[in-house]
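The numbers in the UniProt record's numbering rise by one with no breaks, and the one at position 265 of the sequence shown is 265.
Derived by calculation from the structure, the hints in this document are not laboratory data.
Ideal placement from N, C-alpha and C gives every residue a C-beta, glycine not left out.
Any given hint could be a false lead.
[Unchecked claim] Label pairs and their calculated CB-CB ranges: (1) Ile-292 - Thr-332: 15 to 25 Å; (2) Asp-291 - Asp-318: 19 to 29 Å; (3) Tyr-289 - Asp-143: 31 to 41 Å; (4) Arg-3 - Asp-293: 52 to 62 Å.
[Stated by the list, open to error] Dumping the calculated DMTMM-like pairs for lysine to aspartate or glutamate here, alpha-carbon to alpha-carbon at most 20 Å: (5) Lys-297 - Asp-271; (6) Lys-297 - Asp-327; (7) Lys-297 - Glu-331; (8) Lys-297 - Asp-267.
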Amino acid sequence: MNRIQGTRFSDWLEGTLLSDLIEGGAGDDDIFGYSGNDILKGQDGNDRLFGGDGDDDLTGGRGDDRLEGGQGNDTLQGNAGNDILDGGDGNDTLSGSNGNDTLSGGDGDDSLHGGRDNDVLSGGSGDDTLHGNGDDDTLSGGDGTDYLYGDSGDDVLEGGAGTDHLYGGDGNDHLLAMSWAGEPVPAQDADAQVNSGEPLADDDVLQGGNGADTFEFRWLIDARDEILDKHRDADGNVDYSMNGVAGENDNVHDHWVESIGVKTVADFNPDEDTLVFAGHTVQLDEITYEDIDGDSKLDSVLTFVSNQGGNGGAHDGDYVGTVIVLDNLIETASVDAGVFYGVEDPYSIIG
Numbered sequence: 001m002n003r004i005q006g007t008r009f010s011d012w013l014e015g016t017l018l019s020d021l022i023e024g025g026a027g028d029d030d031i032f033g034y035s036g037n038d039i040l041k042g043q044d045g046n047d048r049l050f051g052g053d054g055d056d057d058l059t060g061g062r063g064d065d066r067l068e069g070g071q072g073n074d075t076l077q078g079n080a081g082n083d084i085l086d087g088g089d090g091n092d093t094l095s096g097s098n099g100n101d102t103l104s105g106g107d108g109d110d111s112l113h114g115g116r117d118n119d120v121l122s123g124g125s126g127d128d129t130l131h132g133n134g135d136d137d138t139l140s141g142g143d144g145t146d147y148l149y150g151d152s153g154d155d156v157l158e159g160g161a162g163t164d165h166l167y168g169g170d171g172n173d174h175l176l177a178m179s180w181a182g183e184p185v186p187a188q189d190a191d192a193q194v195n196s197g198e199p200l201a202d203d204d205v206l207q208g209g210n211g212a213d214t215f216e217f218r219w220l221i222d223a224r225d226e227i228l229d230k231h232r233d234a235d236g237n238v239d240y241s242m243n244g245v246a247g248e249n250d251n252v253h254d255h256w257v258e259s260i261g262v263k264t265v266a267d268f269n270p271d272e273d274t275l276v277f278a279g280h281t282v283q284l285d286e287i288t289y290e291d292i293d294g295d296s297k298l299d300s301v302l303t304f305v306s307n308q309g310g311n312g313g314a315h316d317g318d319y320v321g322t323v324i325v326l327d328n329l330i331e332t333a334s335v336d337a338g339v340f341y342g343v344e345d346p347y348s349i350i351g
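Construct the entire structure; sequences and hints are all you get.
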């Protein structure tokens, strides 16, 4: 392995096509590994480390560092300071350690650990595992089947697309399960036809842990720019009241209600926790009580149907999904799930 040593000044250090060990020393360094399985160490200073190709090991050291793994299965550790870590492609392992860090897994099945202080973790594509660790963290799973653990602190967990598992841990956490209705393929002629959408009907599991937690469900439309252009009035605002929400009078629909899947809420405490149903085009149809998980305790099964505020036509009343609250008897009066009108920012417009 080739070894390249920096100085106490701000260095520009480049590796070879082979596997290199590059240490920056003091100063604000720029270090490039290129090809090979490289070991890059920034040490003191605000450093920038780029792994390039290969399975690289990047360590920032003291200072506010930026680490980018690039291609390959990389290991990134920020250490002290407010660091930015980006795994890139491959199955990467990212650790922020001390400081308010920002971690992005990128493509691949990644493992992210925030460490101390208030961190922001984004899994990206793939099946990711995110741990906030200490303090107040924000975790976003992205695409794929993700596992999010807030651990201690008041955390925000958002599963994203895919079948996700959210565990708040200690603290007053906010757990957010997202589902989108699909955008149908626009009709190309005047003949009557039905076009299927591309819904994201994911079966998520939410567990709050200790503390006063909020379980939020957002079931939203998925209208793209060319569809939204049909609803812009003269001053540039988006106005869905002009032609309705679920369907149009011509040959293009803004969105179609599809299944939202089955969401499971575990560890719900009615004295502290809150259920929120936001930005939805659904309404509660009924609540039944049965033992879903076989523990001899009654669970609440909340069934939801489509409701477009009278504009959905034949699709009003269609079954769209279920929310299961384990070991609790939820009453209808405690569920706020009215009809949603208009556009919810920032989640409803998916470009």
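Broken hints, numbered, in rising order?
-> none
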